[in-house]
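Peer 1: Once you've looked at the hints, dock chain F against the given chain H.
The listed protein sequences correspond, in order, to chains H and F.
For the first sequence, my numbering assigns the number 213 to the initial residue and increments by one for each residue that follows.
For the second sequence, my numbering assigns the number 213 to the initial residue and increments by one for each residue that follows.
Hints are computed from structural coordinates only; laboratory data are not their basis.
Worth double-checking, as some hints may not be accurate.
Put simply, identical chains are the same to the list, so a pair is met inside one copy or across any two.
Straight-line alpha carbon distances no greater than 25 Å define the calculated BS3-like cross-link-like pairs of lysine-lysine that follow [said to hold, decoys possible]:
#1 Lys292 with Lys340
#2 Lys360 with Lys526
#3 Lys526 with Lys340
#4 Lys340 with Lys286
#5 Lys360 with Lys337
#6 Lys360 with Lys340
#7 Lys286 with Lys360
Single-letter residue listing:
Number of protein chains: 2
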Amino acid sequence: MGKLFAGIDIGGTTAKIGLVDENGNIIVKTQAKTEKNSHWQAIMNAYIDPIVQWKNEGKEIVGVGVGGPGAFDKNRRVLKTCVNIPPLQNEPIIEYIEQRLNIPAFGDNDATCAAVGEHIFGAGKDFKNFIMLTIGTGVGGGIVLNDKVYRGRDGFAGELGHVVAVPGGHLCGCGNRGCIEAYASATAIINEVRNGITRGSITSYEGIDPETINAQIIFDKAKAGDTASIHAVDNAASHLGTVIGSFVNMLNLDAVIIGGGVSMAGNFFLDKIAFHTRQIAWPLFMENLPILPAKLQNDAGIIGAASLILEEEK
Amino acid sequence: MGKLFAGIDIGGTTAKIGLVDENGNIIVKTQAKTEKNSHWQAIMNAYIDPIVQWKNEGKEIVGVGVGGPGAFDKNRRVLKTCVNIPPLQNEPIIEYIEQRLNIPAFGDNDATCAAVGEHIFGAGKDFKNFIMLTIGTGVGGGIVLNDKVYRGRDGFAGELGHVVAVPGGHLCGCGNRGCIEAYASATAIINEVRNGITRGSITSYEGIDPETINAQIIFDKAKAGDTASIHAVDNAASHLGTVIGSFVNMLNLDAVIIGGGVSMAGNFFLDKIAFHTRQIAWPLFMENLPILPAKLQNDAGIIGAASLILEEEK
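Bound conformation, chain H alone (with noise of 0.2 Å):
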């Protein structure tokens, strides 16, 4: 089975655990409840224990990567802010790792790990420049520069989700005003649509309880021809084209990689994506300049966190 690099995704209710091997398939995983009111110690015994039973089964386990919900610090080993988790932040939780499984660990940011799976194993294989774009419930950002993750003078870079695409526009989950996440993600994108069924200018929702809809239900709609919908697809699909656009500008990138539940929609959203970046990018720039869905989907996240371990010995 050859070296085999653990993988931990922390969420704000579950964890996934995983071994990934060195062609990125997963060998082995499973979950752990992330017990928000416990003890810090107690929260990552649950996310090690199935790794040390696997170690004890007598895998060859060479590191573990985990991908957290914040901000690391520069050395990838603690957590310099972590809301959804408070017990986590700021605490020794790599160097606990290492003392309980004794080999080396790292951690990063959830979208940075993407990134960095998607650079090893996916999308961003073939490719030295790009960022990418997760689009859930919010919008992260991971960006990977001369062949490298870039993170920054204390490791926090890649917050693209927190870049203004609208100055003085929508408030933000992080209190700014109208940055992209506050226009692209899943959750704008159905607020967008509630707002119009409360209001009564989106009428063509009726018998749909607004509470239930979800970002699948917008862009099932969409690509069925509705008019609301459509345009709420393209509202965050415009604005998601002006950063973008400007990152292209900025950056001369050779890639664009979008990922995240949203980008499930395949390429109608992209599409919309690409269509709106050109109206902004220069077209020298854009010239070859792929705007891809990415490659690692249900596992992503564990394989995202084992990856930061492959990055080391690259």
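Peer 2: Positioned in the frame of chain H, the structure of chain F alone reads:
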């Protein structure tokens, strides 16, 4: 005198040419007219002749750096775009310099050269991750990441002036709408005031011919408390804050450097830019992040161009 580095700073009407020593001091300098309508070799000869002469005088010139008003290719040998001096576009100008002088030569966008100059000799000396905005007639940019100039896929990276500040906003010289250049360049600030005078909404410039108004006059009037001028300056700073704040959230920078004519207004302008940047960039990212004026002043163009050679040796 030791090793010397030649710098050619190509402009639409004149080029500045000089020799720089290892400490960034100008040893000798001159100017040459840009004969826009001549053959590219004739244009280049006017720039190269002084260097040939200095070489013949026995000066130990180890290389030639060229800053051009356009985008050089990845190998930094050919201007792929050069709107201001069309004959130079797509010609082997760097190869020609090497042939005439028999020493290595490199070319890069003038704003990128400015960033290289600041990185080696100026305000960027102590920083590994910074952007430099050159605010003059237009807005140029240079990006230094992981202690090296970031050039991107084709060598075109750094077009920070064409990042969108206002979606669907003012028409920019590049054909796009809403670029930061259309809001924060000297040209944009002057137009803002001139338009106000023309339509009668700005009355505090009575007795001043709108055609004679330049950025210096506007900044002086703003410093003296004129509401209309303060607004024009603050409006530019506010849009700069939006894009710089976005850059900070994206790239987790060490510093931001502001150069070009408009930056000569000093802290009056920089303080406003810093204020607006803080409204967008996250506090953790803004901690100890200086927004600094460029250090190299009069001969920045020559020193920046010459720095391309020093950068190679770094």
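Peer 1: Take the hints in turn and mark each one as holding or not.
Peer 2: Each hint tested on the structure:
In this homomeric assembly, Lys292 and Lys340 come within 25 Å of each other (Cα to Cα) only across copies, at 22 Å, whereas the closest approach inside a single copy is 28 Å. Within a single copy, Lys360 and Lys526 get their C-alpha atoms as close as 10 Å, and across copies as close as 20 Å, so both meet the 25 Å cut-off. In this assembly of identical chains, the alpha carbons of Lys526 and Lys340 lie at most 25 Å apart whether taken from the same copy (14 Å) or from different copies (23 Å). Taking the closest pair of Cα atoms, Lys340 and Lys286 come within 25 Å of each other both inside a single copy (22 Å) and across two copies (14 Å).
With identical chains, the CA atoms of Lys360 and Lys337 are at most 25 Å apart both within one copy (11 Å) and between copies (23 Å). Taking the shortest Cα distances, Lys360 and Lys340 sit within 25 Å of each other both inside one copy (7 Å) and across copies (16 Å). Proximity of Lys286 to Lys360 under the C-alpha cut-off of 25 Å is found in both arrangements, the shortest distances being 15 Å within a copy and 18 Å between copies.
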